[in-house]
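As you go down the protein sequences, you meet chains G, H, A and R in turn. Position 20 of the first sequence, counted from 1, bears residue number 20 in this note's numbering, the numbering being contiguous throughout. Position 86 of the second sequence, counted from 1, bears residue number 86 in this note's numbering, the numbering being contiguous throughout. Position 4 of the third sequence, counted from 1, bears residue number 4 in this note's numbering, the numbering being contiguous throughout. Position 253 of the fourth sequence, counted from 1, bears residue number 253 in this note's numbering, the numbering being contiguous throughout.
Calculated from the structure, these hints are not laboratory results. Hints are not guaranteed to be accurate.
Unchecked claim - EDC-like, lysine to aspartate or glutamate: derived pairs with alpha carbons at most 16 Å apart:
#	chain 1	residue 1	chain 2	residue 2
1	G	52	R	181
2	A	52	H	181
3	R	244	G	243
4	R	52	A	181
5	H	52	G	24
6	G	244	H	243
There are 4 protein chains.
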Amino acid sequence: MSEPQFKHFPQLRQKLFVVVFGTETRAGKLFDIILLWAIVLSVLSVMLESVKEFRETYDTIFFVSEWLFTILFTVEYLLRIFITAQPKKYIFSFFGIVDLLATLPTYLTLFMVGGSYLVVIRSLRLLRIFRILKLGRYLREASVLSNALAASRYKIFVFLGAVFTLAMIMGTLMYMIEGGESGFTSIPRSIYWAIVTITTVGYGDIAPQTVLGQAFASMLMLMGYAIIAVPTGIVTSEIAQAEKNQRKTESSGKECVACGKKGHDHDAIFCKNCSAKL
Amino acid sequence: MSEPQFKHFPQLRQKLFVVVFGTETRAGKLFDIILLWAIVLSVLSVMLESVKEFRETYDTIFFVSEWLFTILFTVEYLLRIFITAQPKKYIFSFFGIVDLLATLPTYLTLFMVGGSYLVVIRSLRLLRIFRILKLGRYLREASVLSNALAASRYKIFVFLGAVFTLAMIMGTLMYMIEGGESGFTSIPRSIYWAIVTITTVGYGDIAPQTVLGQAFASMLMLMGYAIIAVPTGIVTSEIAQAEKNQRKTESSGKECVACGKKGHDHDAIFCKNCSAKL
Amino acid sequence: MSEPQFKHFPQLRQKLFVVVFGTETRAGKLFDIILLWAIVLSVLSVMLESVKEFRETYDTIFFVSEWLFTILFTVEYLLRIFITAQPKKYIFSFFGIVDLLATLPTYLTLFMVGGSYLVVIRSLRLLRIFRILKLGRYLREASVLSNALAASRYKIFVFLGAVFTLAMIMGTLMYMIEGGESGFTSIPRSIYWAIVTITTVGYGDIAPQTVLGQAFASMLMLMGYAIIAVPTGIVTSEIAQAEKNQRKTESSGKECVACGKKGHDHDAIFCKNCSAKL
Amino acid sequence: MSEPQFKHFPQLRQKLFVVVFGTETRAGKLFDIILLWAIVLSVLSVMLESVKEFRETYDTIFFVSEWLFTILFTVEYLLRIFITAQPKKYIFSFFGIVDLLATLPTYLTLFMVGGSYLVVIRSLRLLRIFRILKLGRYLREASVLSNALAASRYKIFVFLGAVFTLAMIMGTLMYMIEGGESGFTSIPRSIYWAIVTITTVGYGDIAPQTVLGQAFASMLMLMGYAIIAVPTGIVTSEIAQAEKNQRKTESSGKECVACGKKGHDHDAIFCKNCSAKL
Chain G
1 MSEPQFKHFP QLRQKLFVVV FGTETRAGKL FDIILLWAIV LSVLSVMLES
51 VKEFRETYDT IFFVSEWLFT ILFTVEYLLR IFITAQPKKY IFSFFGIVDL
101 LATLPTYLTL FMVGGSYLVV IRSLRLLRIF RILKLGRYLR EASVLSNALA
151 ASRYKIFVFL GAVFTLAMIM GTLMYMIEGG ESGFTSIPRS IYWAIVTITT
201 VGYGDIAPQT VLGQAFASML MLMGYAIIAV PTGIVTSEIA QAEKNQRKTE
251 SSGKECVACG KKGHDHDAIF CKNCSAKL
Chain H
1 MSEPQFKHFP QLRQKLFVVV FGTETRAGKL FDIILLWAIV LSVLSVMLES
51 VKEFRETYDT IFFVSEWLFT ILFTVEYLLR IFITAQPKKY IFSFFGIVDL
101 LATLPTYLTL FMVGGSYLVV IRSLRLLRIF RILKLGRYLR EASVLSNALA
151 ASRYKIFVFL GAVFTLAMIM GTLMYMIEGG ESGFTSIPRS IYWAIVTITT
201 VGYGDIAPQT VLGQAFASML MLMGYAIIAV PTGIVTSEIA QAEKNQRKTE
251 SSGKECVACG KKGHDHDAIF CKNCSAKL
Chain A
1 MSEPQFKHFP QLRQKLFVVV FGTETRAGKL FDIILLWAIV LSVLSVMLES
51 VKEFRETYDT IFFVSEWLFT ILFTVEYLLR IFITAQPKKY IFSFFGIVDL
101 LATLPTYLTL FMVGGSYLVV IRSLRLLRIF RILKLGRYLR EASVLSNALA
151 ASRYKIFVFL GAVFTLAMIM GTLMYMIEGG ESGFTSIPRS IYWAIVTITT
201 VGYGDIAPQT VLGQAFASML MLMGYAIIAV PTGIVTSEIA QAEKNQRKTE
251 SSGKECVACG KKGHDHDAIF CKNCSAKL
Chain R
1 MSEPQFKHFP QLRQKLFVVV FGTETRAGKL FDIILLWAIV LSVLSVMLES
51 VKEFRETYDT IFFVSEWLFT ILFTVEYLLR IFITAQPKKY IFSFFGIVDL
101 LATLPTYLTL FMVGGSYLVV IRSLRLLRIF RILKLGRYLR EASVLSNALA
151 ASRYKIFVFL GAVFTLAMIM GTLMYMIEGG ESGFTSIPRS IYWAIVTITT
201 VGYGDIAPQT VLGQAFASML MLMGYAIIAV PTGIVTSEIA QAEKNQRKTE
251 SSGKECVACG KKGHDHDAIF CKNCSAKL
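Based on the provided sequences and hints, a complete structural model is requested.
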């Protein structure tokens, strides 16, 4: 990250910028590690507070730690706004919004009851963890994965639409066949059952009782069983493609000495860009 | 779609044809969007009507909206027949039958009870949504998927036959081992259980209780676990093949005029085999 | 199938052989179709007999049909032995044993109670169905599938061994953590639970209740979720390989005119077998 | 395995070394097979002892067999230490620790209750089985699998992190929507439910009851259904790559001496690029 130019307090802000946003210096790494632990601990405390036994016994500890973490994150948020050259860009960025949402819920509890659970939005901040893992590998792998998913988003859209249409039709059929006795009390609930079945989750809170219903359910299961192959096939094919492309880009051995173009096939004899012999 | 030649009312019908069947003009797009919303709303109203609380409170609204949508779809259906040059072809096409089935159920409720649920067949009309999405991409992706599925239909037929035979044999064995106490009250019901298990749905409404039964069920689960790999493998392999073919077809224009070699990358300017300009 | 040479009644046996074992003549096809329906009906009657309501109402019909089918299959079995040139080879072949097992159970019911359910072994005879489907395609696809499975049998053996070891260790751990209250009453039962969980079947008849147990179960589920990728990957890779090999064998276009060797790569310029120019 | 040089009792230790650690001689194979059966029987006896009915009836048999196996394994462990040239290396190796843990639990039962179940760690020793199966194939397959898994460990790490974050956020949301009545009594428990749902295990011990909860759960299921494609895609792609590499390595000797082109098929006699004899 290139260090920006500031108008006010240029030296202080530049120093803080390196610590807060950077990850290369020792102080920057330390800041990130402390922040990471604060995030993990604050999320853990929210979780444990929801367990009745803990809430009743350690009431004060949860209250104090909650406010400590909130003040810490507020200070961090204000600091980030202060030291950035373009505060607006940061405030409306993904992490800017996450940082704000991580502090707001506790203040809201002063005015309303029940808002404290929003604190879990802090868990999104755990995504910062990848910033520390500067080993390169992780980012490389994540980019292969997200490229593959992005490339297959149209196919997955078509696929999910087809699955949902199937669930809607089968759910309504089962509502007509089974009726309310077996738990199929309404069409939305039957569609819920159909999705539970197609995705092979199978809670069993709603299950067909009649012979005809079980026959239809069996058909739906076999369809779901065959259907699950489709997204897998899509993503597998895209991942294989994404990896192939990356490998091609990386294979610098076959570089044209004339025009510098990389990524030739292994059996290429002439450069496909300038026709020079490889 | 090329505009057809009509005998009667040629001008009116041609104008309407462009609006009703076409998607390129502004009026055609508007017609499709209104129709789409009418379909979504009518399907939603059928679903919500099946929920007891809604049915009791908003009885009149559901009744009125049902007849409004039915009349709208009837008008649309008759319009389509009127403006098509070959009405028979449309009536017996997939969407022609769907359009008829989308209006009939409500009229049937005048004569018989319970027919109203057939209205959900309207959800099939949601497939029209892909007509609006004229971005090309969606149709292209859907064709890759359906080609892959069509190419693997024989393998999937063989596969489902094998799974069903396995379910039949294991279901009967479990019926003999477990007996009626654990829910295995008949062979069809035991086969239903075997399918629930092989497909890894696992409702738990029927579950083995004896040690021998649980051992057999474990075996069946591990088999199902290994078997699920087969359709995935089939479809993955076909999708990869279908994509490869499409890519090849798309770049088939890039043939070297000098040596005739095909299959060049899209960014190739010179033939990689003989260095001639492409 | 070449028609064999018989010692006794050569003409009669040869004629019958063409009808019973062959599928090319009209009589042979008819025989197979009648046999197929008899198998389907006899299996169906065994299934329906196991349903209490049917058994009580149609007691006599089931009894009569059972003996009719048994006598029919006995006649067919004896006929096959009579008309085969090598009776021993048939008797000890896969279908010979299936044919015998399909008739024995009913006779056993004369001497013992409960043997009637073995009649379901008849369902194995449904495999004969593939003999009629002489379209070639089905057999070709089945051979690709079975080749792929055969090629990956060592990997799947290693894989199932690893899964079972994991289930054994996790099952014992859960037995120690949960104890008998949540249904983990013994180690074999806990291993059964572990297999139900790893394979993502999840009946829910046994489920962890303690926090520690649920944490361990979550770990096991995520492992199972990642593990399911392994057999899929193995089979997919083998199917892709099997199809590639078959395609190579079939692609007769690139045949060397000098030595007749097929299966050259598309970019090959010289025959890899005899160095002649392709 | 090269036979080591010993200081004390060189001849005796060398002879024993060949029997205990080796698998090539007849005595070495016999030792391994006896050891294997002892492990299987001791693990089986621990399992059966946990079943209440067996424990009450065969109390003495379990007690005696337990001590017999423990003494046998203790002798084996000491023997291994005695005959190894580098005892420390063995003691701190994977199998050294497993061998120790396989004997300790029984001795611990003299002092504490419940330790006896740790004896199941003995099952890990079954991994020794691969030492006997010196057919080469199994080890080769296992190495392909472990290479593929090792190559995809970064991607799977990123993937599991994403799944866990999703489970955390959705679990908390469901805790807020459903509340304690449907079993969502705390956030950790709701996260447990989310993992049960994403992985498509679906016990059904906790299931949403409200309409909003079921809608969210349906979304989570469809996400889980699409997500399961990701590890499969990763592993499939890696396995395909690992197999390709192995095949390449195996045929890497086939390099054309004239033009240096590699990657010829195994049945190639002439270079496909320059027609020189390979």
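Do the hints match the structure? See the list:
1. Pair hint residue 52 (chain G) plus residue 181 (chain R) holds up; C-alpha atoms about 14 Å apart against a cutoff of 16 Å.
2. Distance check on the hinted pair: residue 52 (chain A) and residue 181 (chain H) sit about 14 Å apart at the alpha-carbon level, within 16 Å; holds.
3. Restraint check for residue 244 (chain R) and residue 243 (chain G): the C-alpha separation of about 14 Å stays at or below 16 Å, so the hint holds.
4. Between residue 52 (chain R) and residue 181 (chain A) the alpha-carbon distance is near 14 Å, which keeps this suggested pair within the 16 Å criterion.
5. A hinted pair counts as satisfied when its Cα atoms are at most 16 Å apart, and residue 52 (chain H) with residue 24 (chain G) does not qualify at roughly 62 Å.
6. As the CA atoms of residue 244 (chain G) and residue 243 (chain H) are separated by approximately 14 Å, the hinted pair is consistent with the 16 Å bound.
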